[in-house]
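Q: Just need the whole structure built from these sequences, with the hints factored in.
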Amino acid sequence: MIGRIIWWTALLAVAFVTAALQLDKQSEVTPALAPMVPAPLRNFAQTQIAAQAAAADDPARALAEAQALVVRRPVPAEYLSLLAVAQAKAGQAEQSGLTIQIAGQRGWREPLAQEAVLRLALNAGDKAEAARRYAALFLRAETPDAVLIELGPQVFDAPGGPGETTLIDIVAGGERWHSHFLRRGAAVMPPAAFSAVTRAAIARGAQFDCALLARAVNSLERSDPAAAQALAAAKACE
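Positions in the sequence shown are counted from 1; adding 348 to them yields this note's numbering.
Treat the hints as calculated values from the structure; they're not laboratory data.
Some hints here could point you the wrong way.
[What the hints assert, rightly or not] Label-pair distances were calculated between CB atoms; the ranges are: (1) A535 <-> G439: 36 to 42 Å; (2) Q577 <-> R552: 39 to 45 Å; (3) P424 <-> R570: 37 to 43 Å; (4) P424 <-> G508: 33 to 39 Å.
From the three backbone atoms N, C-alpha and C, an ideal C-beta is built for every residue, glycine too.
A: Listed below in C-alpha cells is the structure:
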C-alpha cells in the first residue's frame, strides 16, 4: 500500500514538473503564461518576467528579477542588457555601465548592448570602438534609422578621423554588405562621411553596384552637392 502511494506520488510529481516545463517553454511565445510557471522552474518564463519588470515602475523588483535571470542564464548578452537597464533604474549607474560593456563584448549584434556601448565609447572619446558598434547597429534592419541619424555625426565628426577610418576598414573588407551600405548609408550617415567612406572603400578595391551607387549620388545631391560630386567622380562599380 505504501509502495503504491509512493509510486503514484512520484508519477504526479513527474507530471507536474513536465507540465511546468512545457508551460515555461510556451511562455516564450505567450508571455502572459510566465507568472504561472513555478519560480524554481523558470527559464524562458524568467526572461519574460524580467523584461516586464524592467518596463514597469518598480526598480527594486526589476533589479531582483533581472538578477534572477542572469543567475539562471549568465551567458546571453540580451539578459545582461536587461540587468543593466534594471541597475540603471535602481540608481546603480557604475554597475550598469560595467554590465552593458560585458554585454556588448558578448553579443556583437545585441542592439541594446551595442547602442549603450557605442554611447559609452563616445563618452570616452573612443571613436574607433564607436564606429564598430555603429556598424553592428547599421547591419541590423531592426535598428531605427533615427538612432543611426542621431549617432552618426558624433561618430564621424572628424574627416579622416578614427571613426571614418574604422568604418572604411569594415566596408572595404565586407563585400557581403556593400549593397546594404549604399542603400542605407546615404539616408542615415552624415553625407560627407558617407561619401568619404565609400570613396575610400572604392580606392581599396571595393566594387559597388553601379545602379545603387548612382542612387546614392542622387540622394546626396539633395543634402550635400559637394559630397555627391566627389562620390560621382569615383568611377568604380560593377
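Q: So, for every hint listed, does it hold in this structure?
A: Consistency of the hints with the structure:
1. Taking the beta carbon of each, A535 and G439 are about 38 Å apart, inside 36 to 42 Å as hinted.
2. Between Q577 and R552 the beta carbon distance is about 21 Å. The supplied range of 39 to 45 Å is therefore violated.
3. Taking 37 to 43 Å as the suggested C-beta distance range, the pair P424 and R570 conforms, at roughly 42 Å.
4. The hinted window of 33 to 39 Å between P424 and G508 holds, with their beta carbons roughly 38 Å apart.
When each numbered hint is compared with the structure, a violation occurs for hint 2 only.
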